[in-house]
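S.K.: Sequence:
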Amino acid sequence: MRRPAGSANIRLMSDPFALDDEAPPAPPSPRAAGPRASEPRPVPPDAPWLKGLNPEQFQAVTATDGPVLVLSGAGTGKTKVLTSRLAHILASNLAQPWQCLAVTFTNRAAREMKERVGQLVGPVSDGIWLGTFHSLCLRILRSHAEAVGLGGDFTVLDSDDQTRVLKQVMAEAHIDPKATPPQGLMAVIQRWKDRAVTPDKAASEGGADGQAKALYRAYQERLRALNACDFGDLLLHVLTVFLSDPQALARWQGRFRYLLVDEYQDTNVAQYLWLRLLAQTHRNICCVGDDDQSIYSWRGAEVGNILRFEKDFPGARVVRLESNYRSTPHILAAASALIANNEGRLGKTLRPGLVHDAEAVEKIRTMAVWDGEAEARLVVEEIETLQRRGERLASMAILVRAGFQTREFEERLITTGIPYRVVGGPRFYERLEIRDAMAYLRLVVSAADGLAFERVVNTPKRGLGEAAVQTIHMAARAERVPLLEAARRLAGTDELKPKPRQALAKFVEDVDRWRSLLDSMPHAELAATILDESGYVDMWKADKSADAPGRVENLKELVAALEEYESLASFLEHVALVMENDSCAEQDSVVIMTLHGAKGLEFDSVFLPGWEEEVFPHVRALSESGTSGLEEERRLAYVGLTRARKRVLVTFAANRRIYNQWKSQLPSRFVEELPEPHVERSGERGLYGGGLGESKAAWNDPAWSRARFGQNRPAAPTSWSQPKARESEGGFTAGARVFHDKFGNGTVLAIDGNKLEIAFDKAGTKKVLDSFVSAI
DNA sequence: GACTCTGCATATCCC
DNA sequence: ATGCAGAGTC
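Sequential numbering of the first sequence, starting at 1, is according to the UniProt record's numbering.
FYI, nobody ran anything at the bench for these hints, they're computed from the structure. The structure displayed is predicted, hence computed values, not measured ones. No residue lacks a Cβ here, since even glycine has one placed at the ideal position from N, Cα and C. A couple of the hints might just be wrong.
[Claimed, not checked] Pairwise CB distance ranges, derived in the manner of DEER restraints:
(1) A546 - E525: 29 to 37 angstroms
(2) L517 - H473: 24 to 32 angstroms
(3) P181 - A734: 35 to 43 angstroms
(4) P314 - D547: 54 to 62 angstroms
(5) E384 - E172: 52 to 60 angstroms
(6) G425 - S628: 27 to 35 angstroms
(7) E680 - A402: 22 to 30 angstroms
(8) R480 - H174: 16 to 24 angstroms
Required output: the full structure, derived from the provided sequences and hints.
M.R.: If you want it as structure tokens, here you go:
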């Protein structure tokens with residue numbers, strides 16, 4: 001491949017379509033590209049959407065002609081630029097709303113942008129093609145479904161359904177799900193889709209095992225048979241359409257005069273190709289991104305997309321936004337120092353864009369605690385203190401690395417009586433009862449939905465077990481009709497035993513009746529009828545388990561939510577893509593969420609717990625080859641720090657229970673990477689035991705001591721720098737009986753330096769530091 | 001067929 | 001701790 005000189009060190013992703021090897025098409029003047037509704041209208045420089053922009057932002061907003069790459073650090077007004085730019089384009093009459101395409105990654109970002117543009121230009125903003133990649137692709141794909149072998153009413157599967165389908169496919173291929181875990185294979189398939197690799201392309205690709213490729217193909221065929229597609233397909237299919245139907249492509253290319261892309265650093269290859277194709281005609285594409293906030297490589301994102309932008313769009317204007325209007329200088333300095341440990345950055349410097357009262361700004365605080373419980377207690381106490389000082393709960397956030405960390409905070413907040421909400425927890429529509437209810441609705445709306453049929457045919461129990469379902473399957477297969485059709489036939493024959501046959505007949509009859517009501521009955525009412533007559537609600541009402549009443553409530557909520565949509569079909573479509581559960585929104589409450597979920601948000605006070613090796617950075621990132629995993633974790637830390645406006649508290653525990661196992665933890669290397677002058681460190685002395693074995697020599701490094709106990713403390717006792725003999729301070733020997741505060745009595749099994757393996761009488765076998773046990 | 005019990009594996013991040 | 005698949009029982 002021909003590459004411009006000097007780019008050899010930049011690794012580009014594989015390029016399935018190799019567009020960039022062709023001469024770039026001559027950039028047609030947008031003016032000449034077609035008739036416009038009316039002439040461009042000059043915009044006064046004091047227009048409301050241009051107010052308060054700094055020079056760089058102004059440039060990013062008003063440079064409407066040609067490709068623009070905006071490198072936008074955290075808190076530099078990225079959303080402001082995007083929304084103002086849209087407003088500017090519309091107000092200048094450069095394009096009609098429906099000729100503008102604005103892409104975000106999350107529904108939340110899309111909603112926010114929609115709202116803010118609306119505030120600037122009014123209801124015309126409704127016409128903008130604004131949404132996530134997936135929702136926009138769905139919209140496009142609806143009109144080209146046949147081209148990829150789908151019916152126009154195809155369904156979009158969530159990850160749960162995906163694995164279900166894949167499991168079925170694997171079972172048919174007689175593959176042992178134990179030897180080949182379905183999730184693993186699913187991940188492989190998704191990576192293919194992220195790179196826009198179809199089964200055909202996968203087959204011709206080198207490497208990888210043939211079994212996976214065959215299963216990929218089978219999976220795609222199965223999806224097609226189900227008239228369904230998964231998230232990855234939304235993009236993949238649209239690309240297929242674009243590349244196989246030049247006329248369709250030209251139509252879409254011609255339509256979108258202006259493209260705006262948010263969080264560009266998170267685009268994967270498929271999304272990138274999609275953008276590049278769509279931007280070919282008018283070439284007015286504006287991508288906003290920050291390589292330091294790229295945290296989605298695990299789902300196929302390629303930071304390289306930023307690097308290659310200028311190549312694929314020659315003459316692109318690059319604007320850097322470096323004035324940060326969010327955080328205090330301490331926070332900025334700390335975040336910048338941390339991220340400076342990464343290599344291969346585009347390198348931005350964040351400058352404080354606000355004037356801060358030097359006396360008033362707090363340093364970042366780090367604090368060592370005994371365990372997760374103590375950590376939760378500390379954080380919640382801190383929250384209470386802030387609250388007493390008059391801070392709103394909604395201005396505080398606890399940002400965790402992984403889902404399992406939320407529990408201890410929730411418990412503590414509950415016992416303290418502080419309102420909180422977990423964002424991104426088990427999502428509303430992912431709940432069992434909602435999925436079941438949705439399956440009923442799906443089956444009524446589209447009779448061919450086999451997955452929905454399977455899900456509800458025996459829920460609640462109708463005496464249609466595995467055997468009956470098998471028979472239906474075989475009949476459907478043989479006659480090449482959907483499951484519901486097959487069931488209808490079987491209900492009229494004697495292939496089934498009388499009892500299941502009757503039950504099945506009743507079921508089919510019900511579904512038919514519900515469908516006949518689709519046009520006449522208001523859909524919310526119809527949904528309620530379905531859930532009632534099917535016996536589904538009664539099933540939960542009769543259930544005596546603790547969460548059953550909650551489920552009944554959720555079902556009511558579902559019906560209520562339906563009111564807001566035009567039809568069942570539009571509701572189903574919406575839910576397939578929008579996964580938010582913001583039903584109980586704006587009470588003043590602390591929010592708990594993952595670092596990933598927090599991207600794009602900001603809070604006055606941010607709590608960053610669990611900064612321990614193997615929690616954050618996460619083990620799995622560390623076990624990856626090379627440093628890319630670690631660097632992504634560091635970017636995640638950077639994202640976390642830069643969410644804060646006023647203050648940050650980083651905590652880490654010496655001991656943590658992970659998946660029901662107690663482990664002694666080391667402070668995260670990121671704690672140490674926070675620069676001294678901007679950090680105030682504290683922690684309980686002695687948390688990390690006495691001298692440590694030589695294998696942990698780093699522990700005696702002054703930096704670690706600082707990380708743990710704060711620079712102001714006197715140097716560690718001499719015994720630290722001169723570790724004693726390995727045979728442990730306590731002088732324990734195997735077989736000794738010992739006592740531990742938490743685990744009670746036990747017997748020492750083995751000694752490894754200062755770590756003891758102890759068989760506790762009650763708590764099982766654990767490894768603990770010898771300083772935590774005493775002889776009895 | 002439905003239910004219960006047991007053993008087994010599993011456990012980031014999200015559209 | 002939790003969720004699941006498979007086995008055994010009513």
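S.K.: Do the Cβ positions of P314 and D547 conform to the proposed distance bound of 54 to 62 angstroms?
M.R.: Given about 58 angstroms between the Cβ atoms, the range holds.
S.K.: Can you let me know if the beta-carbon spacing of E384 and E172 is within 52 to 60 angstroms?
M.R.: Distance hint for E384, E172 holds at roughly 57 angstroms.
S.K.: Quick check: does the Cβ-Cβ distance between R480 and H174 fall within 16 to 24 angstroms?
M.R.: holds (23 angstroms)
S.K.: Taking the beta carbons of L517 and H473, is their distance inside 24 to 32 angstroms?
M.R.: holds (28 angstroms)
S.K.: When you take the CB atoms of A546 and E525, is the distance between them in 29 to 37 angstroms?
M.R.: Between A546 and E525, where Cβ atoms are some 30 angstroms apart, the hint holds.
S.K.: Holds or violated: 22 to 30 angstroms for the Cβ distance of E680 and A402?
M.R.: At 27 angstroms between Cβs, range holds.
S.K.: Can the suggested window of 35 to 43 angstroms be confirmed for the beta-carbon pair P181 and A734?
M.R.: holds (39 angstroms)
S.K.: Can you let me know if the beta-carbon spacing of G425 and S628 is within 27 to 35 angstroms?
M.R.: holds (29 angstroms)
The structure agrees with every numbered hint stated previously.
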